[in-house]
Structure formats: structure tokens, C-alpha cells
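K.L.:
What follows is the residue order along each chain.
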Amino acid sequence: MARTIVPFGPQHPVLPEPIHVTVTLEDEIITDAVPALGYVHRGLETLADIRDHVQMIQVVERVCGICSMIHAACYVQGIEKMMEVEVPRRAEYLRVIWSELHRMHSHLLWLGLYADAFGFESLFMQFWRIRERVMDVMEATAGARVIISVNVIGGVRRDLDDDQCKWILSEIEDVEKQIRQLQSTMLSDYSVKKRTVGVGVITKEQALELGAAGPCLRGSGVAQDMRMLGYGAYDDMGFEPIVENDGDCYARGAVRFRETLQAGEIIRKAIAGLPEGEIAVKVRGRPKGEVISRVEQPRGELMYYIKANGSKNLDRLRIRTPTFANIPPLTAMLPGMELADVPVIILSIDPCISCTER
Amino acid sequence: MELECTTITRETVVDEVTKLKNDGYRFVTMSVVDLDEVNVDILYHFDKDLEELNLRMAVPKKEPVPSISGVYFAAFLIENESKDHFGLEFDGLVLDFGGTLYLEEEVQRTPFCKYGVIRKDAEAAPAETA
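Sequence lines, in order, name chains A and B. Under this note's numbering, the first sequence is numbered contiguously, ending at residue 358. Under this note's numbering, the second sequence is numbered contiguously, ending at residue 130.
No wet-lab data here; the hints were simulated from the structure. Note that the coordinates shown come from a computational prediction; the quantities given were computed from them, not determined experimentally.
The calculated DSSO-like cross-link candidates involving lysine-lysine, where the alpha carbons are at most 27 Å apart (straight line), are: (1) A:Lys-81 <-> A:Lys-282; (2) A:Lys-81 <-> A:Lys-288; (3) B:Lys-114 <-> A:Lys-312; (4) A:Lys-204 <-> A:Lys-194; (5) A:Lys-204 <-> B:Lys-48; (6) A:Lys-166 <-> A:Lys-177; (7) A:Lys-312 <-> A:Lys-282; (8) B:Lys-114 <-> A:Lys-81; (9) A:Lys-193 <-> A:Lys-204; (10) A:Lys-269 <-> A:Lys-177; (11) A:Lys-81 <-> A:Lys-312; (12) A:Lys-81 <-> A:Lys-269; (13) A:Lys-288 <-> B:Lys-114; (14) B:Lys-48 <-> B:Lys-21; (15) A:Lys-177 <-> A:Lys-194; (16) B:Lys-114 <-> B:Lys-62; (17) A:Lys-81 <-> B:Lys-48; (18) A:Lys-312 <-> A:Lys-288; (19) B:Lys-21 <-> A:Lys-204; (20) A:Lys-193 <-> A:Lys-177; (21) B:Lys-19 <-> A:Lys-204.
What the simulated footprint calls covered on chain B by chain A, stretch by stretch (three residues with Cβ under 8 Å from a Cβ of chain A suffice, anywhere in the stretch; the number is not a length): (22) 19–28; (23) 66–77; (24) 89–102.
By construction, the Cβ of each residue, glycine as well, lies at the ideal position given by its N, Cα and C atoms.
Here chain A stands alone, though its shape is the one from the complex (with noise of 0.2 Å):
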């Protein structure tokens, strides 16, 4: 049978970012596909040369807009994790308030760019409108929609008093019931589920063994979440992983709608459970030692590797993205499928290039 080779990307209405795939079919039917990247290669972790480590917060702010603040929560929690930084309790719950809200809006952001690859319209309006709700709670609380830069070595610099709380809280009490409206259409509908169930499937032990991370791992039935480390505040607010079975486009979807309502839950906890005192501790001195940070994107597992010696720049800072992880696993999710599939199997992957290339 004839073979026919198509690039897919890097410029395509369904991509948010850059990524190119040169698709292989026989007829319609996908044999191969292989990934390419550098459309949008920064080079950021070389900035660690020339910037000092409280100036890198800035930098890894802006890996990727979408889950900025998680970037700069892993870093700094690595930072002070080498400097021995007792973090006030306050400013561990601070984070996984922002932080929810973080992967709250990337995922509502994300339900509709898959809504509008699968060519339902109405409910990319719907998600993304939503969204402004938690954009519009940012912003009140910190001063930005995404950037939203409330981290800081030893805490975060912003605070949230009792009036915005149950603002927050009001707030989010309306974005989960607007985000439940529209569950039987994302979970139920027949032509949603006709473009995703059964469609880019990984098994659970592909997921495994190609090194899947986030919704991509847990949607093949892999409890895993960074946050079952009880990192920060996330010991007391009884996480437990949202998971799926059949690896499918569905699944990933299916457990990106549940994390987004569950964000909520852990919000509601937070602010519930929000201790008194102080916000932030002074540091002293530099950095010294090699230490791994991980926390859970709201793509997956975020891992910070940072190294320094104690002087005024780091001698290392590696940043493991998971959509990084999650381009392998989409090489074994296209082949055996139609030419049709591959934009809502490349937007079930959530990928954010700007992360993947830094």
C-alpha cells in the first residue's frame, strides 16, 4: 500500500503553540509519527549564569504563562529546601490556593481548546467564559491574571485577609456550578464522545514505560500525582488522585473535568484551614548543595533540578516540564489511528511548548 507522509503543524488551527509531527499513513490510517521541535527554544535555564538565584523567580515565571506561579513554587521550594528555609505554615496554605487556582483556569482553558478541536464551538465559549471568573479572582488577590508572581525564597509576598476569602470562595462556589452545567455535555454528549472515546489509546503500561506524566498517566489508570507528597500544605488537605482506566481521549479529558472541580474542593480546604501568622521569613546567604523539587502541573509532574555552590549564581538549574514527558507517550498514541484524530490526540496530551523547549 502506497505511503503518504504529512506534516502536521507547526502552524495549525488547533495548536496553541508550535510543535511539527511528520505523520506517516496508509490510506488514512496512521503508521508512524515522529515529533519535532524548536519553534520556540529559549534557552532559559542558561540565564542561571548570569542571573542571580531571587532573580531566576522572575525568569522561571515565565517558562510557561499558563502555570507560571507552579514553576516558581517548585523552584523556590527546592531553594529553600537546600537553604534549610522553614516556610511559615501561612504561606504553604497561600500556595495551594493560588496554585489550584492555577490549575483551575489552565485546565479550564485547556477543556475548551479540546472542545474546539473536536469542533464544538459552543463549548469552548462556555469554558472559556468561565474562566474569566478565576482569572478575574487573580487578579484581585495578587494583581495579574497569569503572571501572578507571589512567590518568594522563604514564603509568598501577598496575603489574603478574611473579606477576599469568602469573596474566593463565593466565587469559586459559582465557577463549580456553572462548571457542572455543562459535565453532561463533556462527559455524556454523543458526538463529544463519538471524536474521543476510544480514540489515541495508551495502556498503563505504556504510560509507564514511555514515561507519561499528569492527566496522560492517571487517564491510563496510574494513581500518581505529585501532590501525594504532601508537599507544602497539601499533607492537610487529604489529597487523593483523580484516575481513569481505558488510556483513551476521553479518559484524559475526563480526569482534566474532574481535577477541575476537585481544585475547587482543595481551594474550599485551604482557606478553611488557613493558619494565622506570618507570610514570609527572611533569607540570608546563597544557596549551596543539589537538590530535585517536584510538584504536580496542572500537565503533570514538574521537577526542578538545581545545583549551586554558593555563589551568586546557581551552577545548574535543569526544568523537566511534563509535556516534555508526555511527547514520547504521543508516539505510541497516534499510530493505528485516522488522519482526522491527530488534532484532538495532540490537544489530549494538554501540551504547552513554550514549557516543553524553555
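Chain A is already provided as a structure; the job is to place chain B on it using the hints.
P.N.:
Just chain B now, kept in the frame of chain A:
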């Protein structure tokens, strides 16, 4: 604070990694650290039930390193990235972008080497453009 690592060598890396795969470890990533003019540290990071495990190998920059992409296919991406950034060569890399995963062909320097190693395949080229 030092990272807990098991030290391995170029001769043992593939066997060690194969053993971890058979024990159910998930490959997380690799980190390359430029040590000096001659050597780099390569750290291999794994995970099993949320427990991390690290292997460390110090190697000369200019000598090829056995690829683990034959054991863990997922390693092809980070090995290609390390090739772009540090000019490392990996023997047996299952999907080799030839140093152009991120960089264009005309980029001859390895941008993440603090000590300015020129990429092997570009050594003969007359001009350095980056």
C-alpha cells in the same frame, strides 16, 4: 546538601538502567551538568511509587555515551536535547535529530557548555555563528 545518587560508568549504564526498568521504575529525565573543560556529570532520574532514584555518571564530553533510548524509548528526547545543548554524542540513539532538535544546523557552539566546547560535527567548519 548532596543529592543521593548511585554512581555508574559508561560500561554499566545500560545494564543498570535495564535493571531499573525490569524493577518497574519510570524514567523521569536526565540532567547534564558541565563540570569543567573536560567532563560533564550525567544524572539519570527515575521514579517508582513516588520514590525518586538517581544515577550519576561523570564522563568526558568528547567521548560517546551509550544511549539508554533502546531501554527507555522516552530518553530519546532528552538525549537529543543534551546533544544540542552540550554537544554530547550518544551511541545507539534510536531517533537522532543530529544536534538539530532545537537548534538550526548553522549553530556550531554548544550553548549550555560554560566552557565553550564546539560541537564535534562542526569542528571542521570555518566560522562560528552562534
